[in-house]
Amino acid sequence: MAENAWILGINMTKFGKHPDKDALDLASEAALAALKDAGVTMKDIGVLAYGNLMGGSSGQMLQKQIGQTGIPVFNVANACATGATALRTVILAVKAGEVDFGLAVGVEKLSGAGLLAGGTRKEDEPTWTPHGRFGAVAAIDGRIGTETMPGVFAQIGMEYGYKYGGTSFELFARIAEKNHAHSTLNPLATYSKRMSLEEIMNDVMIAYPNTRPMCSANCDGAAAAVVVSDSKLKTLSLEQRRRAVKIAASVLTTDPWEEGCQVLPNVNTVTRNGARQAYETAGIGPEDLDLVELHDCFATAELVHYDNLMLCEPGGAVDFFNSGAPWRDGRMPVNVSGGLESKGHPIAATGIANVWEICHHLRGEAGDRQIPGAKVGLAHVIGLGSTCGIHILEKSAA
Amino acid sequence: MASQIPLVDYLVLGDEPHLIAHECEQCGARYFDHRNACANCSGTSFKTVDIPTEGTVTTFTIVSLAAPGIPVPFVSAIVDCGGTPVRTNLVNVEPDPEHVTLGMKVRLTTFSLGVDSAGVEAIGFGFEPVPSS
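Protein chains in written order, with the numbering used here: chain F, 1 to 398; chain R, 399 to 531.
No wet-lab data here; the hints were simulated from the structure.
Keep in mind that the hints are not guaranteed to be accurate.
[To be verified] Covered, in the sense of this in silico footprint (three residues per stretch, anywhere, with C-beta under 8 Å from a C-beta of chain R), are these stretches of chain F: (1) 130-138; (2) 154-165; (3) 262-274.
[Claimed, not checked] These stretches of chain R come out as covered by chain F in the derived footprint (C-beta under 8 Å, 3 or more residues): (4) 401-412; (5) 415-424; (6) 442-451; (7) 459-466; (8) 472-478; (9) 503-511; (10) 517-529.
The beta-carbon is built from N, C-alpha and C at its ideal position, and this holds for glycine as well.
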């Protein structure tokens, strides 16, 4: 029987601009704080998984700042699911019984970064020469559709509208309005300013229907988590056991083949498959969740994930949103942290930071934005390519 | 005489320009890129099939911010061509949500991308609205 695993300590730094700190400063800050939160030190940690997708720093470089103890390091990269992958990696090691404690860290320095894919275009060559897997004689971004993330995810949201109806520019903007409203209660968010629907819709258009405040915010930030085995947790103090958060499910999936999935990424089935596995493993259903942090990399993405995570009936995401359910005082609060649109999206940190948000509520430590009596929460990320990471977390009974 | 070359190898030029796909002989899955094997069934034999030149817009975005050198705004879309989704730009249409709509009928069109130093003209493709009859 595999070990259960628990979050013993977890931390996220302030997200935003950190001009005086590099990736290692931020990663060290989060890692040391997570260790302190757990009541352990680097000497206790048996495995480290580290993600810094855009920055190129490594777990070994972090060790050289906070503790070179000789333990194995897994440097992981899984697009926007990198943080969830780091966490999943140490959970695997703990569940396998190889280590008692694991540390997962994700960090990114993205303040001021622009478009993160399709952000450069090579000059056309002097002669038309076929290259690559399409035999293309010139760059195809902008000539055969878009490769930029705002555009890809705009199409993912609009596709939902084509299938089920009910979507509009205003509907997607209202989703961003909700998340920006939620962010006003989160002191660690990059942006914590309430925005009116009008302000959101009149802001700079990036890729219709996504205006700038409907896109995830590039920022600096780090998050880290200490994972402990069930058997080890039993030997720890009552205070540690009381604050520990049970990992009821930890799931990673990739996108299965479907017609068209190599033309426009299908983030739906990969999420639905992950959600199904996660609910089954945790032995709960979506109706049992007290809060959800889902991957709103764009307002258009949040809509489809209501459906993919089965928070509503199939095809019912628009009605679900319009019912007020995903607002913090609704029946299924979604992204009470402000989501990626306001909290920010330091890529490799995101898949741990959303777990931190859930843990914060389950521990009853979320202050002004506490969801009262929260016992079970779900954290979801998507890495385009594609990967889905889902963690279901439960409050300790201790 | 100036020769022509398609922007991508799955665009066939000539009197009736059209797109082609590699279809898995085992399961029928279709691909536009070079294949090592089928992502659905791992089959390794493929045949070339013609893709219908008319289809329906199943999703789109109007890109206003792109990499330097890419003219904006432009419309990126997925067009369902007889069951095969095709990624494309929509052309010969105003790039705004009043003129571009989900479910609109479109057809393949080609255009010049310019002539290189050897006198070869590259031909690109897009989809344009089918005039309502």
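Practice problem: Check each numbered hint against the structure and report the violated ones by number, ascending. | Solution: The structure conflicts with hints 5, 6, 9, although it agrees with all the remaining ones.
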